[in-house]
Amino acid sequence: MIKSKTILSVENIKVQYETNNQFIFPWQKRNIIKAVDGVSFDLKEGETLGIVGETGCGKSTLARAIIKMVPTCSGKIIWMGENLLTFNKNKMKKIRKEIQMIFQDPLASLNPRMNIGEIISEPIKTHFPEISKIELKNIVKEMMLKVGLLPNLINRYPHEFSGGQCQRIGIARALILQPKLIICDEPVSSLDVSIQAQVINLLKSIQKNLNLSLIFITHDLSIAKHVSDKIIVLYFGKAVEMNLSKELFSNPQNSYTKKLISSIPSFRNSFLTNNY
Amino acid sequence: MRGLIPKSDIKMIILKNNIEKLSKNLSELNEVKGRSLWHDARVRFFKNKAAVISVILLSAILIFSFIGPIFSQWTNEEIDWGVLGDISTLGYPSIDSGHYFGTDELGRDLYSRVIQGTKISLMVGFVGALIAVFVGTLYGSIAGYFGGRIDSIMMRLVDILMSIPYMFVLILLLVIFGRSIFMLFIGIGLISWLDMARIVRGQTLSIRKKEFIEAAIATGVGNFTIIIRHIIPNLLGVVAVYATLLVPGMILAESFISFLGLGVQEPNTSWGALISEGAGTMRYGTIWQLLFPLFFFVVSLFSFYFIGDGLRDALDPKDI
Amino acid sequence: MHLLEINNLNISFDTPEGKVRAVNEVNFNLQNNDSLAIVGESGSGKTQLVFSILGLLAKNAAVTGSIKYQSQEILNLPEEKLNNIRSKKISIIFQDPMTSLNPYMCIRDQLNEVLIHHKGLSKHEATNESIRMLDAVKIVDAKNRINMFPHEFSGGMRQRVMIAMALLCNPNIIIADEPTTSLDVTVEAQILELFKTIQKEFNTSLILITHNMGIISDTCKKTLVMYGGRIMEYGFTKDIFLNPTHPYTMGLLETMPSIDKEYKILKTIPGNPPNALEIPLGCPFSDRCSHKIDICLSAVPPVETIDTTKQNRMCHIPYQDLLS
Chain Y
1 MIKSKTILSV
11 ENIKVQYETN
21 NQFIFPWQKR
31 NIIKAVDGVS
41 FDLKEGETLG
51 IVGETGCGKS
61 TLARAIIKMV
71 PTCSGKIIWM
81 GENLLTFNKN
91 KMKKIRKEIQ
101 MIFQDPLASL
111 NPRMNIGEII
121 SEPIKTHFPE
131 ISKIELKNIV
141 KEMMLKVGLL
151 PNLINRYPHE
161 FSGGQCQRIG
171 IARALILQPK
181 LIICDEPVSS
191 LDVSIQAQVI
201 NLLKSIQKNL
211 NLSLIFITHD
221 LSIAKHVSDK
231 IIVLYFGKAV
241 EMNLSKELFS
251 NPQNSYTKKL
261 ISSIPSFRNS
271 FLTNNY
Chain D
1 MRGLIPKSDI
11 KMIILKNNIE
21 KLSKNLSELN
31 EVKGRSLWHD
41 ARVRFFKNKA
51 AVISVILLSA
61 ILIFSFIGPI
71 FSQWTNEEID
81 WGVLGDISTL
91 GYPSIDSGHY
101 FGTDELGRDL
111 YSRVIQGTKI
121 SLMVGFVGAL
131 IAVFVGTLYG
141 SIAGYFGGRI
151 DSIMMRLVDI
161 LMSIPYMFVL
171 ILLLVIFGRS
181 IFMLFIGIGL
191 ISWLDMARIV
201 RGQTLSIRKK
211 EFIEAAIATG
221 VGNFTIIIRH
231 IIPNLLGVVA
241 VYATLLVPGM
251 ILAESFISFL
261 GLGVQEPNTS
271 WGALISEGAG
281 TMRYGTIWQL
291 LFPLFFFVVS
301 LFSFYFIGDG
311 LRDALDPKDI
Chain C
1 MHLLEINNLN
11 ISFDTPEGKV
21 RAVNEVNFNL
31 QNNDSLAIVG
41 ESGSGKTQLV
51 FSILGLLAKN
61 AAVTGSIKYQ
71 SQEILNLPEE
81 KLNNIRSKKI
91 SIIFQDPMTS
101 LNPYMCIRDQ
111 LNEVLIHHKG
121 LSKHEATNES
131 IRMLDAVKIV
141 DAKNRINMFP
151 HEFSGGMRQR
161 VMIAMALLCN
171 PNIIIADEPT
181 TSLDVTVEAQ
191 ILELFKTIQK
201 EFNTSLILIT
211 HNMGIISDTC
221 KKTLVMYGGR
231 IMEYGFTKDI
241 FLNPTHPYTM
251 GLLETMPSID
261 KEYKILKTIP
271 GNPPNALEIP
281 LGCPFSDRCS
291 HKIDICLSAV
301 PPVETIDTTK
311 QNRMCHIPYQ
321 DLLS
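Chains as they are written, first to last, in the working numbering: chain Y, 1 to 276; chain D, 1 to 320; chain C, 1 to 324.
Simulated from the structure, these hints should not be mistaken for lab results.
What you are looking at is a predicted structure, and each value in this text was computed from that prediction instead of being measured.
Note that the Cβ used here is the ideal one computed from N, Cα and C, for glycine as well.
Take these hints with a grain of salt, some might be off.
[Unchecked claim] Think about it this way: if two alpha-carbon atoms lie no more than 25 Å apart in a straight line, the pair counts; the simulated SDA-like pairs of lysine to any residue are:
| hint | chain 1 | residue 1 | chain 2 | residue 2 |
| --- | --- | --- | --- | --- |
| 1 | C | K19 | D | N48 |
| 2 | C | K310 | C | I265 |
| 3 | Y | K5 | Y | P179 |
| 4 | C | K267 | Y | N211 |
[What the hints assert, rightly or not] A few chain Y positions that, by computed beta-carbon distances, are all more than 12 Å from chain D:
| hint | residue |
| --- | --- |
| 5 | K5 |
| 6 | S9 |
| 7 | Y17 |
| 8 | R30 |
| 9 | G38 |
| 10 | D42 |
| 11 | G46 |
| 12 | I78 |
| 13 | F103 |
| 14 | Q104 |
| 15 | I116 |
| 16 | H127 |
| 17 | N152 |
| 18 | Y157 |
| 19 | D185 |
| 20 | L244 |
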């Protein structure tokens, strides 16, 4: 059995915000919010890490810190053996080919003034500007097929698609550069229930085919359990528990984790106890 | 409406489930045309009767300023000695004498002068608006996108420029460098972009927070490319509305300066100058000298305002 | 006598793109102390349905059928008469607590507005009543919190304020439109618990609208499943969960991953939720249904009542065939 290698190693990351007004004197107290307060984890090739927590726990901030979209105060982000925090802008641009992101609101993550052909091809235009228009179109159409969209809709605009289809477009855009890691920030939370399963299945099958690693952020524990190999539970910026998916649910250690699991509505049990 | 697909495509949607069949038939499927937000806005704009009529009127005035000279029998400088001395009776508008709009106080053909004035005033309005759009949009979007110190410095500069009394500077420039159209453009250009920059910066701040900008950053798109490809197209709605409302402002400003006597030099003229002259001679019974330029002035301004309103309704913020 | 009786309700909208038929031939009742869940995804018409009860639809809406409250017809009632029903007899809690409260008014003023307008109380009496109601929805330190502004509250607390506002005039029916969709899981559990308590304490009936079937099992006696503007299934919640009789309900229940099970691949309902302008002839679910037969595409299915459980289902395929 080939041991899969660790591609991402996050060590003690801290992200802080100051909430003072723009100008304060040096001796005045600064209001500091610790959005992420010392989180560490490893991620292997082909593995899925689930990050769960409630609103304000810092999961979205953590995701953005990993790809340097928000500034990190301290800690290390080791990608393929190198610390991303030491990279300058040019070096970071190359890394952006390998780490991509999918967002929560599918329609809002697409520029309403661009048609989906332009949206999906933008990453290629950015990193490989020498590719010809015709070749670009073929690559885009192929990718649309892979995510379950009709290729002849390539000139349509985002508002002409449903939520689930928009998320597929977002996935196509994330995949087109063949990244090694995709960070999914609550990708199915705003979708209809019957579509959520479609998108999750699509992500999982793509992961299998391309040996992708995924970081899956969600507040829905049932989805987290199904999708992730291992899960981190965040509470106010701190990782209160990290374990393999199955272990976490069968044997939660932390009291907050237990509280989260017990809040999940489980309808079969309630019928046995309730009498109407 | 999400997923609005015409009946002709429903068959293709059902096919979607059989991807294998589809890839074999790929070459037979034609690409579907997209329906952009601009298209929707255009449809809504043309449903607005006042706006459409205004567009027609404005185009008519524009065409008049180009074609008009073909019909005129007098130039704008020529003095008709025959009517001098008794303008109120001889200088009356008539088709026979060739003075379709009558003559002004000095016996010059008002028709040609009004055409001249139309050209100048509209040019001032458009150039001012154009400068505002280009300079203001770029300036405002850069300030809004980068934020922080760059934003502070850029906006404080705008604040300083705005607090300088505009008329004062303009009059000073005109007095020092002499009255010319070029000077007028510079003066108006100096002022017109400031408001636009503020508005664009505000819009940029709210667009910058949207997820598709985050997606572009995560993809590795460069900052200036993001501004030009993602931010500015989403601003254009607001910019278009504001620009059409700026044009009348420019024309009014120029008219005021001409009214003061500091505007374009003779024999060039503008609506403001003509109205100024016409107002001065009203009591002598030569009311056409006021009415003709005033008519063009008012109709143009109203048209711009209605078009601006129509654009604002058409580019409903709901779509942005 | 039914508390609320809806018969043959049809809602359509006149839009520039054509006529949109949002709700078609909906029939159901609500009794005193009853609780009903309306389950459906986007495009199912559930929000338009409850808006029509309170006359909150847009101006281009055309509603036919009958809505009776305590045997009195309230559909298309003039505004003054409808205002007697709104808040006093039937009140509604909207979906997003972030935007349902006026950010410029403090909570006290917003709650008092309801009481002063509907019950004619003085400002002092209204404030006392408001504090009492905030206590009832378990807001800690209500006496001081009442002077705060909406942005100083968390999402869950804002929703509690909305619930308090809905209860102020002691209505007989509370309609909650996706009350917990924008809330976290732990807060959601608390709010649902609150709904149960309130039903008992205040003797109100509850209509709960949601797209998440997981939350209704504990709170609602009956369930109405809607798709594409029509009722697919209607019956006691327990029966619908344990013995669903409609392909859509079965599909919905299957796509929800449960904590207790292991899945290799999640079961899905293929296709997309319906586009209101292009609802197919016949059964609206037909283009996504794995059991469909020819007649499903052309004819609207009849409503069938199952004898044993009194479940109503709208499907061409006999129940027994679905089970196989």
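Results of checking the hints against the structure:
For the given pair, K19 of chain C sits about 22 Å from N48 of chain D by alpha-carbon distance, which is consistent with the 25 Å threshold. Restraint check: the Cα-Cα separation between K310 of chain C and I265 of chain C comes to about 34 Å, which exceeds 25 Å; the hinted pair is violated. Between K5 of chain Y and P179 of chain Y the alpha-carbon distance is near 16 Å, which keeps this suggested pair within the 25 Å criterion. Restraint check for K267 of chain C and N211 of chain Y: the C-alpha separation of about 23 Å stays at or below 25 Å, so the hint holds.
Every beta carbon of chain D lies more than 12 Å from that of K5 of chain Y, the smallest distance being close to 24 Å; the non-interface claim holds. With a least beta-carbon separation of about 20 Å from chain D, S9 of chain Y lies farther than 12 Å from that chain, consistent with its non-interface assignment. No Cβ of chain D approaches the Cβ of Y17 of chain Y within 12 Å, the least distance being about 14 Å, so the stated non-interface status holds. Distance to chain D confirms R30 of chain Y as a non-interface residue, since its nearest Cβ pair spans about 17 Å, more than 12 Å.
For G38 of chain Y, the condition that its CB be more than 12 Å from all CB atoms of chain D holds, with the nearest at approximately 24 Å. Once the 12 Å rule is applied to beta carbons, D42 of chain Y is consistent with being away from chain D; the minimum gap is 22 Å. At roughly 22 Å from the closest C-beta of chain D, the C-beta of G46 of chain Y stays outside 12 Å, upholding its exclusion from the interface. Every C-beta of chain D lies more than 12 Å from that of I78 of chain Y, the closest at about 19 Å, which supports listing it as non-interface.
Against chain D, the non-interface label of F103 of chain Y is violated: not every CB pair exceeds 12 Å, the least being about 5 Å. For Q104 of chain Y, the requirement that its beta carbon stay farther than 12 Å from each beta carbon of chain D is not met, with the minimum near 7 Å. The Cβ of I116 of chain Y does not lie farther than 12 Å from every Cβ of chain D; its closest approach is about 8 Å, which violates its non-interface assignment. At roughly 7 Å, the least C-beta separation between H127 of chain Y and chain D is not larger than 12 Å, which violates its mark as non-interface.
For N152 of chain Y, the requirement that its beta carbon stay farther than 12 Å from each beta carbon of chain D is not met, with the minimum near 5 Å. Distance check for Y157 of chain Y against chain D: the nearest CB is about 5 Å away, which does not clear 12 Å, and the non-interface claim fails. The claim that D185 of chain Y is not at the interface with chain D is violated, since a C-beta of that chain comes within 12 Å of its own (minimum 9 Å). No beta-carbon of chain D is positioned within 12 Å of the beta-carbon of L244 of chain Y; the least distance is around 29 Å.
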